[in-house]
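Chains as they are written, first to last, in the numbering used here: chain L, 1 to 492; chain C, 493 to 1162.
Hints listed in this document are in silico derivations from the structure and should not be mistaken for laboratory results. There's no promise every hint is true.
Result set (EDC-like, lysine to aspartate or glutamate): computed pairs, CA atoms no more than 16 angstroms apart in a straight line [as the list claims (entries may be wrong)]: (1) C:Lys803 x L:Glu258; (2) L:Lys176 x C:Glu1091; (3) C:Lys661 x C:Glu1091.
The chain contents come next:
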Amino acid sequence: MWSYAFRRLLWMIPTFLGILVINFAVLRMQGLSLTDTIASGMGKGDGERKAESASQAIETWLGRFHRTGNDLPALINLRGFTTSDGVRGRLLAAERGPQVDEAKRSRAELEDLWLQGPLLVEPLLAVLKDDGAARLHGPASMALSLCAYRPLLPEDAYLLAPAEQDRIRVRNERLKQLRIAYRNDREQGFITADPEAARKRDALIALLHADAFEFSRSSRRWSAIVSETGFVDFAHRLFTGRLYSETRKALAFDVIAERWSVTAWLNLLSILIAWAVSIPLGVWSARRAGSFADRAVTGLLFSLWSIPSFFVATVLLHHFCTQDASGAAWFPNRGLSSPDSLWLSTPAYLADLAWHAALPLFCLTYGSFTSLSRYLRANVQEQLASDYVRSARAKGVSEDVVVWSHATRNSMVTMITLGAGLLAELFGGFVFVEYVFSIPGLGMLTLEAAKQMDAPLMMAATVVSVGLLLVGILIADLLYAVADPRIRSRYV
Amino acid sequence: MSKAALALLTVVALLLVVQIIDRWREPAQLQAVMNASERAASAQERMLQELKAMRHELARRSATASNDAAVEPLSPADKRDDKRDGKPRLGANFLLPYDRTHVHPAWFGGTIREFNVTPKGFNPIVENSADANEALGLVNDSLCTSHPATPQLWSESLAESVVVSDDWKTYTFRLRPGVVWQRPNCAKQKEFAWLDRDVPLTSADFAFYVEMVQNPEVECPQLKSYYDDLERIETPDDRTIVLHWKKKVFTSMSFSFGMSPLPRHIYAFSRDGSPIAAKAIGTVFNKHWFDDLGGIAGVGGYTLDVNESDKLVRFRRNPTYWGATYHFDAMEWDAEVKLPDPQLVAFKNGQVHSLTLQPAQWKSQIVDGGESRFARPDPKDPKAGRTGELGWEKVKGNSYSYIGWNLRRAIFADKRTRQALACAMPKQRLIDEIWFGLGRPQIGPVHLDNPYFNSEIKDFAYDPTRAKALLSESGWRDSDNDGWLDREIDGKRVPLRITLKFLANRPTWEAGLLVYRDELKRLGVDLRTETYEWKEMLRIYEEKDFDAVVGGWQLGSLEPDFVQVWNSASADEPRSSNHVGFRNARVDELSLRLRESFEPETRMPIIKEIQAIIFEDQPYLFFMSTGSVFVWQNRGAPAKDRWLAGVAEGLDAYHPLFNRSPLLWHFVRE
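Just chain L, with the same shape it has in the complex:
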């Protein structure tokens, strides 16, 4: 049994990682890319002011995206394999031509090159050193100054020695000053428009040679394929607990720690209540299959199932949670405990909890009564028609024992499967109930993080939700082995 449990536990790991990758990829697809963000922020002023504001925008956004790992490619980083010919080709592709739409395309090509980071410094330097590519020196110097730019983050003030900070700051400033001015002309392509082009070129080459080790790719390009990616950066922050929520100004897991237990407990209670009601109901229906009572209960359950939980929650809130003129209401309208519940005795505290949780739990569970009880009814009916049940009856076993100890027990495997599926539904559906009854749980937190585009918090909340779900599925898998000796003997 232990080895079975251990095997199931091991299977959780790749599942968890796979879900993490998919989540991360979906989030990155939906988020603004660095290029989009900069493009939408550029364009103020004209001529020199426009170029200056563009450069300023890039530097600002590089810092911000560097903090969150969004300046790196999502899953695979092949930037270390870009050759100088490749860079040359990209620069040439960015050169304008006579067609009208070229302006937009060439700008996008150039901006994409600007954001490639330090792995492109070497090939760009090679282009800059090539005397035969003089007309590309201008855009190459611009791209170099941004690829070699090292954003200084606020935490660097504490992590880096003052001398190192100064060195980086001075280099960033020099990189800006050594950009060779150029124009991207519609008719003639790149035209160098800088009388000091030669001096700046030499100075830029010398500046970057001095830090050649920092930009060397030979040892780094292979490891960078995986290690210098947005996903690895994110995973590193995730597993070291350093995911930081900008909107909450706290570590994401600290924020979640206050809330996950609310969701977990309520979901657990929902499943237990769902089973506690559905199992007797299903068995009762199976024993009276086809009768008027069975049909009436089925009709009622399907009617309940067809009403959306969000609607039911709102109706219950208005009708049972609004105080009348005397200040009394059937149920509280928010939260899971009264403000002074901390000082109540434990029985009173539990009663207060039950009073607050009654309506939210009802909204979460009523829909599952139908599916669980009807599945169980069908399974029990099938079991009651089988040979072994006929044999048991023939041997004189009482009907209650036949139904409960034999038929129902053999039908429980289906219930466990449905229970695990129910867990997934509950995690999703709980958001509505949290919002309507103002319960500070994980569902509301995840949605708020999504609305505020707080990616670290969203990812952390998703990871916790997925983790809880996988634990629930693991428990379901273990319960299979407990409930069905055939499964136990197959795997143990």
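Since the structure of chain L is provided, determine the placement of chain C on it from the hints.
Quick look at chain C alone, frame taken from chain L:
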């Protein structure tokens, strides 16, 4: 196992569970006891500070009464005279004296609660959200202020006087003495003991504000654009600020008068109290340790007491405040309840003191009598809502909504087409039936209640016949008899088909546009609607990827400025506010001239002409000036709480766009 044994086991198990729960609750109870004792200590400290402030005030009054030389005499320029009328002019101090007439010490007390969101941060420069600004409005002050009854007049606040000179390019402020920064909450911690001291407000704090806004590394693009024309700030002494603007521009007034100080003694220093290097301060400021702690410090009437994300934000009265606060000892923002229906239930249960209703709630709760504690509306009496246990009143919002036509699309090239689309819109009917009367037809880019509103402009009345004629005049015909109008544009037959994009989850707009679509269908215009989430809508605005969009503008000051939204130069800028691409040389000329005009008599004809041109041109279908229903605990609230008074007085006495100011609000008990 026998039944008795089972029963005994059950009892034992239950007792064990109770014990476990008891132990589990103990840490939280201990923490609550510690918090309570800390609060008691803070309350004691506050009382001592209040006593100190009262002693200081008594000394000041007795010194004034006996002409004590220790009190700084008023300069001749500060003496009250008729010229201090609050209307900006050159050469003399015009600020109205600070107004304390709304303050009645007998009304002090209580905690007022309303719904709001937890601000993401409180950095006054980097954070640009409405809730952060609201918090800063409670905690900080600005150089000058205005009264909600007379929002166009400026009065003293942190500045006792201002003299404008050099043809509106130089502003010289004299700061009020004795104003002290609040001590931030973190000052109680050992690590930040260096902040636990009284720091006077000086001109250096304003210089620091400007320095940070203009620092190229500080991320505040919107603020930067407003201070682009500020050449420099001088601080010859601790109480004098001189702002030099590069050119004469009207917006320099509001940005000078409305400037707030930035606590230099916090933001210019690291966690350990050592100064941050000048070269690094811009970068560090974007993610300052003080902001990470959720700190806020100001010189205003309230201090931040509690900030629990998504739960509660509480502001407490600042006992050392020099000025006149509201009557409440504390103000709470409930951030737990987020949806409109739960908020309404919480309001009815007395958990908040005021709320703004959605149109559907107004209809169901008040018009249809769904809640008996609201008085029924009386068409003859707009104040009928004040008689109920839960008070309500229709109020005006300083905003309007519109449908914007993308003027770059050839189908909108002719203004008669746009005028026809306006004539096809049954504005009043939609406002009455879909928005349940909560709004008025908007006529142009200036709010209807703005003194500069051009009342001579006549709206395009709902007139399908006229709409048809206008469409015909602009060349639209149903040439192929398919029921839709079309026209030849650049040699091709183009149908009059409009895709209108708007924000998702807005059921009132969805319902209203269904009606409009039918109206246009009868004229042969094919209107299709699409909804998008907010992020996608932003992209649509920025990339001008639309035929038509639904939009709205929140108007701030009563002094209109047309450059941001209507200037031709910004028609093709990616993130400009002129997303419909409006161009008009005359409007450009007038709006720049308006920025250089300071006197209302000069400004009025310019603004009126601009309104007339824009409205005639119809780059927008100006739809509705927004209204809403404000509700409050009027009388007989649940026993634990008191009900609000003073709301009605404010609604009557203050400017209709600012009449929900809580200056007069206070609690009473029956």
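Hints, verified against the model:
1. Taking the CA atoms of Lys803 of chain C and Glu258 of chain L, the gap is near 12 angstroms; set against the 16 angstroms cutoff, the hint holds.
2. A threshold of 16 angstroms between alpha carbons decides the hint, and for Lys176 of chain L with Glu1091 of chain C the separation of about 45 angstroms lies outside it, so the pair is violated.
3. Using a Cα cut-off of 16 angstroms, the hinted pair Lys661 of chain C and Glu1091 of chain C holds, with the two alpha carbons roughly 15 angstroms apart.
Hint 2 from the earlier list is the only one contradicted by this structure; the remaining hints agree with it.
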